[in-house]
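Chemist: Given only the sequences and the hints, what does the whole structure look like? Please build it.
4 protein chains.
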Amino acid sequence: MAGSKVKDMSLAEFGRREIELAEVEMPGLMAARKEFGPQQPLKGVKISGSLHMTVQTAVLIETLQQLGASVRWCSCNIFSTQDHAAAAIAKAQTAAVFAWKGETLEEYWWCTLQCLTWPDTDGCDMIVDDGGDATLLIHEGVKAEKKYEKDGTLPDPSSTTNPEFKCVLQVLKDCLQKDPKKWQKMAAKIKGVSEETTTGVHRLREMAANKELLFPAINVNDCVSKSKFDNVYGCRHSLPDGIMRATDVMLGGKKVVICGFGDVGKGCAVAMKGCGARVFVTEIDPLCALQACMEGYHVVKMETVISDADVFISTTGNKDIITCEMMAKMKNNAIVGNIGHFDNEIDMAGLEGYPGMKKVNIKPQVDRFVFPDGHGVIVLAEGRLLNLGCATGHPSFVMSCSFTNQVLAQLDLWANKDTGKYQNDVYLLPKELDEKVARLHLPALGAELTELNKDQASYIGVPVGGPYKPASYRY
Amino acid sequence: MAGSKVKDMSLAEFGRREIELAEVEMPGLMAARKEFGPQQPLKGVKISGSLHMTVQTAVLIETLQQLGASVRWCSCNIFSTQDHAAAAIAKAQTAAVFAWKGETLEEYWWCTLQCLTWPDTDGCDMIVDDGGDATLLIHEGVKAEKKYEKDGTLPDPSSTTNPEFKCVLQVLKDCLQKDPKKWQKMAAKIKGVSEETTTGVHRLREMAANKELLFPAINVNDCVSKSKFDNVYGCRHSLPDGIMRATDVMLGGKKVVICGFGDVGKGCAVAMKGCGARVFVTEIDPLCALQACMEGYHVVKMETVISDADVFISTTGNKDIITCEMMAKMKNNAIVGNIGHFDNEIDMAGLEGYPGMKKVNIKPQVDRFVFPDGHGVIVLAEGRLLNLGCATGHPSFVMSCSFTNQVLAQLDLWANKDTGKYQNDVYLLPKELDEKVARLHLPALGAELTELNKDQASYIGVPVGGPYKPASYRY
Amino acid sequence: MAGSKVKDMSLAEFGRREIELAEVEMPGLMAARKEFGPQQPLKGVKISGSLHMTVQTAVLIETLQQLGASVRWCSCNIFSTQDHAAAAIAKAQTAAVFAWKGETLEEYWWCTLQCLTWPDTDGCDMIVDDGGDATLLIHEGVKAEKKYEKDGTLPDPSSTTNPEFKCVLQVLKDCLQKDPKKWQKMAAKIKGVSEETTTGVHRLREMAANKELLFPAINVNDCVSKSKFDNVYGCRHSLPDGIMRATDVMLGGKKVVICGFGDVGKGCAVAMKGCGARVFVTEIDPLCALQACMEGYHVVKMETVISDADVFISTTGNKDIITCEMMAKMKNNAIVGNIGHFDNEIDMAGLEGYPGMKKVNIKPQVDRFVFPDGHGVIVLAEGRLLNLGCATGHPSFVMSCSFTNQVLAQLDLWANKDTGKYQNDVYLLPKELDEKVARLHLPALGAELTELNKDQASYIGVPVGGPYKPASYRY
Amino acid sequence: MAGSKVKDMSLAEFGRREIELAEVEMPGLMAARKEFGPQQPLKGVKISGSLHMTVQTAVLIETLQQLGASVRWCSCNIFSTQDHAAAAIAKAQTAAVFAWKGETLEEYWWCTLQCLTWPDTDGCDMIVDDGGDATLLIHEGVKAEKKYEKDGTLPDPSSTTNPEFKCVLQVLKDCLQKDPKKWQKMAAKIKGVSEETTTGVHRLREMAANKELLFPAINVNDCVSKSKFDNVYGCRHSLPDGIMRATDVMLGGKKVVICGFGDVGKGCAVAMKGCGARVFVTEIDPLCALQACMEGYHVVKMETVISDADVFISTTGNKDIITCEMMAKMKNNAIVGNIGHFDNEIDMAGLEGYPGMKKVNIKPQVDRFVFPDGHGVIVLAEGRLLNLGCATGHPSFVMSCSFTNQVLAQLDLWANKDTGKYQNDVYLLPKELDEKVARLHLPALGAELTELNKDQASYIGVPVGGPYKPASYRY
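Chains as they are written, first to last, in UniProt numbering: chain A, 1 to 475; chain B, 1 to 475; chain C, 1 to 475; chain D, 1 to 475.
Any given hint could turn out to be false.
If chains are identical, the list can't say which one is meant, so a pair holds when it fits in one copy or spans any two.
SDA-like cross-link-like pairs, simulated, lysine to any residue; straight-line CA separation at most 20 Å [claimed, not checked]:
(1) K469 x Y427
(2) K431 x P470
(3) K431 x R474
(4) K319 x V462
(5) K431 x S472
(6) K211 x G461
(7) K301 x F79
(8) K319 x N453
(9) K319 x K469
(10) K469 x I306
(11) K301 x T450
(12) K301 x E451
(13) K469 x E206
(14) K359 x E20
Since the hints were derived computationally from the structure, they do not count as laboratory data.
Modeler: Below is the structure:
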């Protein structure tokens with residue numbers, strides 16, 4: 001598929017080699033190719049994806065393509081594209097890619113628009129989304145068109161101070177002037193979206209609650225085989241990876257504060273413990289706090305450790321977790337990073353605007369902010385996801401779990417496009433499929449699964465082949 | 001309260017000292033006494049409890065009593081009573097206790113009957129149950145009475161080969177001849193039961209599904225502050241404790257097989273790893289199996305390790321996990337134990353009946369079964385729960401979590417006895433109460449809980465004071 | 001061999017069953033029986049042993065006996081005898097045993113005397129010692145005899161306030177009056193002692209430095225296969241075992257202070273971490289302190305954590321580690337125990353003599369000392385070794401390492417009694433024998449040892465069969 | 001100091017920023033600057049160093065320079081130079097540097113020669129060596145000069161097939177033709193060398209044993225504060241760092257084989273365990289093997305796991321650890337790396353020469369060797385040290401321990417140049433200095449060291465200020 005826009009095509013060969021290595025580490029996707037490839041269940045289906053354009057995503061893209069789909073792709077983060085991965089896909093023409101590392105906000109939304117805009121047709125059939133930006137653009141587009149229909153109002157970028165939303169409004173304004181039905185036609189065509197993250201699901205649930213959701217959504221984020229693997233074990237891998245690549249700092253013996261003890265926090269805390277660090281946890285939820293205690297972590301308020309600790313990692317999905325005031329009290333060269341969600345977990349704006357602040361770039365994605373009193377803090381990836389910014393994100397194996405869920409979700413959405421199974425609401429994948437994803441990943445680790453005999457299955461009241469647990473089971 | 005029957009009153013003083021020590025380790029129960037004691041919300045309420053009569057249970061019993069209740073108690077396992085705990089309660093007359101270590105099956109069901117039979121009244125107002133035997137006796141009693149009303153049939157102990165059910169039928173037959181309405185009057189009086197275990201909840205759900213449940217039930221087992229603490233961390237403590245007291249065997253360097261990787265299995269596996277053992281896991285559920293892989297355990301079928309491993313622990317709640325055929329293949333002096341639920345996890349019957357088998361009692365709760373070929377296996381606690389049989393069960397702190405849920409459940413059942421909140425169905429405790437239980441345990445560990453500010457709470461859409469997570473959250 | 005004095009012969013059968021179980025866990029000793037038994041290298045040799053009379057020691061005793069020796073034994077600690085082990089040996093007459101749990105100091109030294117006094121001969125040929133009390137009695141005896149020879153002075157028990165040394169002097173006084181050459185004849189006969197502990201080795205080195213040592217000594221304590229296993233992994237097992245049996249306290253989430261980070265402290269710290277505790281370490285040696293930091297422990301002074309921590313364990317071999325003043329500042333029901341050496345690691349005398357102190361015995365080996373302000377501390381095993389007092393000491397497997405060294409040491413001392421290899425000095429076992437001990441324990445764990453080829457051996461300059469490391473290697 | 005030859009001066013600014021960050025992580029070196037800088041104890045002393053030219057080494061170099069020394073430096077590995085570090089030193093002229101990443105063997109030995117050759121003088125006063133190449137060149141130089149003096153023979157590069165030694169002979173031949181006394185004059189001037197590694201110390205000991213050592217040597221490698229920190233904790237950090245940067249492979253759930261369980265192996269094994277891998281260990285030494293068992297690792301022969309494991313890491317210092325024959329049996333994309341010493345731990349030559357082998361470069365320092373049957377192995381850093389080749393080596397903090405030992409060694413050599421304390425032999429640093437190095441690193445970790453009181457010190461027979469342990473203590 002032609003039409004890609006990537007930074008540097010010369011990296012394509014390197015990207016292809018890395019994709020081939022990743023394939024070995026993504027047994028779920030490879031098994032899906034083998035199982036479903038022959039029937040071509042996505043033959044002719046147009047899929048637009050907005051999800052970090054990495055080597056692993058390349059394997060997802062090419063899996064969808066091998067199942068029959070046509071694919072267009074953009075990244076969901078201005079820093080997260082691996083240019084060699086993008087180049088390899090672009091060169092192979094297995095999808096059209098619009099993504100490069102270090103996009104401006106304008107470029108970012110331009111890429112998202114290209115990803116959603118299909119030549120010679122109204123748009124895509126399905127969306128793969130991460131964080132919900134593709135879905136947001138469509139919904140905002142429809143809203144803008146309706147408003148324009150009603151009273152001729154065009155979106156006004158100057159109406160907002162949010163620099164990102166300014167770009168969105170500009171894109172919508174431009175589109176509206178070219179085709180005032182663009183987004184409505186697109187929305188009508190879409191059979192569904194499968195969403196990768198907590199944040200995206202949160203947005204979808206709000207839209208569903210307000211009856212504003214324009215197409216069905218499958219919540220991939222809350223699959224057990226995603227949330228209990230990607231979040232926990234992905235971060236266990238990529239947090240130390242990111243910190244080490246960025247700073248080369250020895251974590252053994254250091255005091256590390258993990259803000260939040262959800263799945264991401266759990267993975268981060270155990271990783272730091274594995275490195276020999278002393279781990280402190282901050283929590284608002286007494287249940288998670290008590291779990292942290294039982295795991296041998298110190299549960300503290302930030303003020304208790306703020307001037308003692310060496311590393312501070314935000315994992316919450318909330319905002320204002322590490323404030324400028326806190327950073328002013330940290331010791332010299334304390335390391336500050338975010339592996340939660342948006343960059344507002346750390347008060348980057350406050351830091352940038354702090355009177356007398358000096359920002360020294362150490363190397364890409366590593367900055368030292370020097371306070372007027374001379375002490376500095378090392379901020380990773382400008383407050384954005386440090387595992388993506390400073391390392392290469394989650395490793396292939398765990399992304400294979402997430403992405404196999406994506407593939408099964410896309411298959412199920414498409415297979416049921418006319419059955420009425422999915423309304424304009426947010427759905428979990430059925431537990432059988434969730435278990436299937438796990439099952440596809442066991443052989444690569446040499447794991448042997450025990451089989452229930454009929455007698456045992458009936459004793460505990462489950463089918464021999466599963467699902468084995470009630471929906472409420474917490475794993 | 002008079003009327004107790006315990007083994008040895010001379011142990012009362014020792015029991016009282018242990019109860020006083022346990023109180024310091026059960027901050028949730030002590031906080032409940034402090035918060036609710038003054039209002040006496042259970043004033044005059046009759047509570048019958050069937051739950052391991054240990055030191056920790058004594059603190060639960062006396063908490064209920066301090067909140068105003070009258071209490072009668074029996075154990076839910078023939079081996080699990082701590083005689084000194086029973087004696088201390090009996091002596092203090094804070095409850096009537098019918099329990100001793102090493103009951104026969106006849107004695108066990110006699111005790112259960114005494115616990116449910118209140119002098120000068122039809123029975124109790126509420127039940128605390130563990131495994132569901134008290135609830136079962138009432139439901140079977142009602143069934144027998146109705147059958148008797150219909151056609152005069154008396155329960156026939158000889159109609160079953162199950163030795164335990166034989167006892168149940170004998171008890172019901174005896175009761176029926178004295179008072180043919182006993183169980184129906186009792187059931188009518190009961191406002192609800194709070195159930196402690198997976199197995200008990202399973203039974204309750206079946207009865208509710210069949211519309212046979214005679215009163216409301218609160219599922220304490222699935223509170224996060226119970227299942228994710230008692231099961232995981234309680235077993236992390238009590239598995240090595242039981243094995244070490246029973247066998248004094250060094251676990252470092254040994255190969256240990258944990259059958260099942262649910263919450264109990266997770267706690268057991270990490271405990272064995274903490275002791276320096278090499279841990280193997282057997283699983284039927286691919287999701288749990290993949291979790292075990294990610295935690296660094298070897299996921300294998302039993303046949304792969306049967307002749308190599310040193311210790312085999314069943315944690316499943318299912319049956320026939322460790323069969324006689326498997327034990328025949330184990331190496332000499334392999335240790336076999338159960339920390340799951342019923343003793344049928346290990347094929348004790350097969351072992352006892354194996355041709356040529358020699359059973360050598362090493363010490364109480366530790367037997368060596370010697371196969372005709374001369375190799376023996378060490379079976380703990382006769383296949384029953386080894387942490388109760390060979391050690392003292394879960395430690396006070398984690399039982400405080402479970403039991404504080406029991407107290408809050410009993411309070412909520414009683415407060416809502418006339419509100420219609422609870423029908424004859426199975427309910428979870430509201431998440432606020434679940435979080436409250438955790439919250440009451442944090443100060444004892446010196447944990448500092450962070451508070452959301454309003455802005456953050458609204459950003460993630462939760463109340464400042466919680467609950468903080470959706471019902472589906474897995475912790 | 002007749003003549004034993006033990007507490008309760010009725011326990012013999014139970015002891016025998018435990019000894020048989022222990023044999024399976026002591027592969028080094030069983031291999032030694034198999035390798036050396038046929039030649040009877042200790043035929044007719046008289047060995048006196050002063051070492052905790054436990055089940056494991058029984059296997060050592062019977063190994064020495066099966067290699068041909070006649071054996072007399074006493075315990076080296078008034079609390080450490082396992083009466084069933086003593087009874088089993090006494091009943092089998094495989095050695096003469098003088099030991100019971102809970103000896104008085106007078107009884108203790110009487111037992112030591114009986115152990116060293118052989119009917120119809122001057123004494124033993126060799127000694128197995130633990131802590132050096134048997135060696136001390138002989139050396140003090142010789143000193144007293146020489147003084148008596150010189151000026152007729154008898155030892156005077158009233159000359160010392162040390163209650164233990166008072167007993168020693170009484171024993172020597174009594175002996176002197178019966179046979180004024182007893183100890184000199186005995187010392188002349190002795191070919192050597194093999195010593196088990198740091199403390200005993202320390203005493204031996206002092207005597208050697210002062211030219212006072214009367215026979216050769218082999219330092220078993222500093223074998224790698226002893227100190228790096230018994231101290232580290234033995235304590236990793238027996239510390240939590242002792243705490244759990246004594247208190248049933250949940251260690252998960254608790255703050256535990258380990259005083260000292262030598263081998264014992266290292267084993268204790270990792271055990272507590274494995275239980276989910278938060279571990280603090282106190283150290284005087286900057287190298288050990290830095291190791292503790294690197295392992296993720298908090299290195300603190302006692303005053304920093306004294307009022308916060310839940311458990312305090314002394315592991316040092318030094319004195320006054322946990323003072324009365326410190327205990328006065330601990331929180332209510334803080335647990336205090338010693339796994340180092342003598343009971344003066346904890347200021348028991350200060351505690352007993354504290355004005356207004358109330359001592360409440362909870363159960364054997366567990367006392368609550370209540371300060372006048374009402375807060376109490378739980379002291380384990382009266383300040384003596386808690387793993388011996390509250391549990392059963394190190395497990396068989398690790399004792400098999402220590403005791404196989406003892407056997408090899410006794411064999412080497414005897415084989416070289418006339419070669420001049422050993423002078424009146426303190427020797428390490430040759431590294432070949434140390435490696436051999438390890439080698440004998442690997443098959444039981446299914447470990448496969450790799451063999452160097454000749455080319456590799458010559459490349460690194462070692463023999464193919466070892467020893468593989470220079471003497472200075474730290475493991 | 002002018003005269004440097006580095007690859008890219010434009011990197012100097014980046015290097016300087018990294019050096020400044022590293023200084024904060026190297027508290028021992030900074031404390032040495034503070035303590036000794038004012039007296040300028042190395043004033044005018046010429047030091048030549050051959051040690052990986054990294055950012056951390058830059059801090060060492062500038063510490064020596066700040067204590068008064070003039071410094072010339074080269075790297076001791078053709079791949080290990082960090083060009084930005086070299087550039088920063090060269091630009092600041094704090095030393096003359098001859099080093100760049102990716103030297104040819106000819107260049108490598110040219111750099112070593114430049115490092116040792118001082119303008120206008122016979123050579124350096126002292127050497128800092130890592131692996132012994134600088135010392136070797138001098139000793140071989142002297143040998144060649146003596147032979148030449150004797151019979152006029154010039155070194156003959158064609159006399160050897162070893163490509164590296166060919167270069168050495170060429171250098172010596174060239175030198176000899178310019179100045180036939182160069183190396184003898186240099187050796188006469190040198191007061192000593194401090195050596196960083198096991199391999200270098202091994203060479204020095206051989207020379208000392210053969211009476212060929214030309215100047216005193218201090219063995220820094222075997223300082224406790226070096227070997228027990230750099231080897232263990234440095235590798236714990238840098239092994240996962242190297243693997244992750246090179247391959248992005250998820251280590252959780254994988255089977256990793258660590259060849260060797262010395263200090264490096266111990267650090268590597270625990271790092272892999274911390275990542276959630278299943279760890280297998282191969283060992284030749286039964287003591288180390290038994291330690292690995294006790295730590296919960298599987299001790300196996302290579303053939304047992306060769307076709308199952310995912311990652312193979314050699315840590316031995318021996319050769320032929322991972323042979324070509326083994327690699328032929330590995331599974332597809334098994335990862336193979338060396339963190340021991342020379343690249344002959346892995347049979348790189350065999351691999352390169354394997355009939356039909358295809359070598360695919362994935363990215364710098366990562367190659368896939370594809371066997372004729374189509375399966376490939378991923379070899380890191382061409383079989384050289386993967387933590388240096390694929391990551392940035394040990395982190396600053398742990399290098400600060402090693403390098404502070406180097407500084408104290410250089411100070412002690414110089415202070416005793418005329419005292420006779422050091423002969424032409426190999427010496428350990430005195431334990432006081434070793435403890436001092438540890439002591440200087442504790443404050444940065446917030447560690448509080450406990451002080452012995454006099455009474456305690458005398459009780460255990462050590463000075464209050466240390467040293468605290470006998471020389472034989474194993475830590």
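Chemist: Now look at each hint and say whether the structure bears it out.
Modeler: Now for the hints, and whether the structure bears them out:
1. Taking CA atoms no more than 20 Å apart as the test, K469 paired with Y427 passes in both settings, with 18 Å inside one copy and 18 Å between copies.
2. Proximity of K431 to P470 under the C-alpha cut-off of 20 Å is found in both arrangements, the shortest distances being 9 Å within a copy and 18 Å between copies.
3. For the homomeric pair K431 and R474, the shortest alpha-carbon distances inside one copy (13 Å) and between copies (14 Å) are both at most 20 Å.
4. In this homomeric assembly, K319 and V462 come within 20 Å of each other (Cα to Cα) only across copies, at 13 Å, whereas the closest approach inside a single copy is 42 Å.
5. Both within a single protomer and between protomers do K431 and S472 lie at most 20 Å apart by alpha-carbon distance, with minima of 11 Å and 13 Å respectively.
6. In the homo-oligomer, the alpha carbons of K211 and G461 lie at most 20 Å apart only across protomers (18 Å), although the nearest pairing inside one protomer, at 38 Å, exceeds that limit.
7. When the C-alpha separation of K301 and F79 is checked against a cutoff of 20 Å, the pair qualifies neither within a copy, at 31 Å, nor between copies, at 44 Å.
8. For the identical chains of this complex, K319 and N453 are inter-copy neighbours only, at 10 Å across copies versus 50 Å inside a copy, given an alpha-carbon limit of 20 Å.
9. For the homomeric pair K319 and K469, the shortest alpha-carbon distance between copies (17 Å) is at most 20 Å, but the shortest distance inside one copy (35 Å) is not.
10. With identical chains, the CA atoms of K469 and I306 are never at most 20 Å apart, being 42 Å at best within one copy and 27 Å at best between copies.
11. Taking the shortest Cα distances, K301 and T450 sit within 20 Å of each other only across copies (6 Å), while inside one copy they are farther apart (44 Å).
12. In this homomeric assembly, K301 and E451 come within 20 Å of each other (Cα to Cα) only across copies, at 9 Å, whereas the closest approach inside a single copy is 46 Å.
13. Proximity of K469 to E206 under the C-alpha cut-off of 20 Å is restricted to the inter-copy arrangement: shortest distance 15 Å between copies versus 28 Å within a copy.
14. Only between protomers do K359 and E20 lie at most 20 Å apart by alpha-carbon distance; the minimum there is 15 Å, versus 40 Å within a single protomer.
Checked against the numbered hints listed earlier, the structure breaks hints 7 and 10; every other hint is satisfied.
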